[in-house]
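Trainee: Chains as they are written, first to last, in this note's numbering: chain A, 1 to 113; chain B, 114 to 226.
Treat the hints with caution; some may be incorrect.
[To be verified] To be clear about the criterion: a stretch of chain B counts as covered by chain A if any three or more of its residues have a C-beta under 8 Å from a C-beta of chain A, and this derived list gives those stretches:
1. 157-166
2. 182-190
[As the list claims (entries may be wrong)] Computed cross-link-like contacts, DSS-like style, restricted to lysine-lysine with a CA-CA straight-line distance of at most 25 Å:
3. 40(A) to 151(B)
4. 183(B) to 40(A)
5. 22(A) to 151(B)
6. 19(A) to 151(B)
7. 53(A) to 18(A)
8. 9(A) to 116(B)
9. 40(A) to 116(B)
Note that these hints are calculated values from the structure, not bench results.
Backbone N, C-alpha and C fix where the C-beta goes; we use that ideal spot for every residue, glycine too.
Spelled out, the chains give:
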Amino acid sequence: DTEVTQTPKHLVMGMTNKKSLKCEQHMGHRAMYWYKQKAKKPPELMFVYSYEKLSINESVPSRFSPECPNSSLLNLHLHALQPEDSALYLCASSVSGIYNEQFFGPGTRLTVL
Amino acid sequence: AQKVTQAQTEISVVEKEDVTLDCVYETRDTTYYLFWYKQPPSGELVFLIRRNSFDEQNEISGRYSWNFQKSTSSFNFTITASQVVDSAVYFCALSENNNDMRFGAGTRLTVKP
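Just chain A, with the same shape it has in the complex (with noise of 0.2 Å):
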C-alpha cells in the first residue's frame, strides 16, 4: 500500500465551527506533514511530526492544532478559523526526515464561511 490517504476531500465550515482533518498512511513511514496550498501558489510547510513527536511547526496559528495519535495516523484540528484559511491542506509522509522524498495525499478542499 503506497497510498497516503485524506478525510473529507471538501470540507466548508463557519468561523465559529470545530472541524478535524484525517490522513492515514500505512507505509510504515515515520514522519508525516501537514502543508497548506492557496490557488496558484505551492505548498507551504505547517507542521511535521517524526516519530510521532511535533519536530517542525511553521509559526501557525495556534486555530490550527495537530495531533499524531500514532504513526498511521495524522489529524489536524480546526477552529474559529478565517475566511483566508479557505486552502488545500495536503498531508504528506516520508520514510523519516524531511530530507526524504515525500509521498502526498490527494488534499482536503478546505472553505470557510
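Take the given structure of chain A and dock chain B to it, following the hints.
Mentor: The following block gives chain B in isolation, referenced to the frame of chain A:
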C-alpha cells in the same frame, strides 16, 4: 535563508517538443536536498526525483532528465518528446539540514496536441 526560484511561470509547448524547466536555489549549507514534484490538475503532488548536494550526477528516467550544477546553483528538469499527459504544475523544492521544505513558485506546463 533558503530560497528556490522558478523563473518560468508558464510554458506552453506542442506535443513532441522538448522542454526544460529551470530551478535556481540559494543556500549557505553544504548539505542539502533538492526535489522535483509534479502536480497534475487532480491536485495530488507526485514525487519525481531527489538529489543530495554531494551527488552532482545527472539523471535520466525515461523521457525525464535532470541537470544538477552546484557551480550555478541550478537543478533543471528536461522533458523530452513532451506528451499531453505531462501537462501539470512542476515544483522544485529545497530541504537543508533536515529543517523545513521550501517549494519554488512552480512552473505551469501546458502541452498541446
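Trainee: So, for every hint listed, does it hold in this structure?
Mentor: Okay, the hints, checked on the actual structure:
no. : hint            : verdict
1   : 157-166         : holds (count 6)
2   : 182-190         : violated (count 0)
3   : 40(A) to 151(B) : 14 Å, holds
4   : 183(B) to 40(A) : 29 Å, violated
5   : 22(A) to 151(B) : 23 Å, holds
6   : 19(A) to 151(B) : 29 Å, violated
7   : 53(A) to 18(A)  : 23 Å, holds
8   : 9(A) to 116(B)  : 31 Å, violated
9   : 40(A) to 116(B) : 18 Å, holds
Hint check: violations occur at hints 2, 4, 6 and 8; the rest are consistent with the structure.
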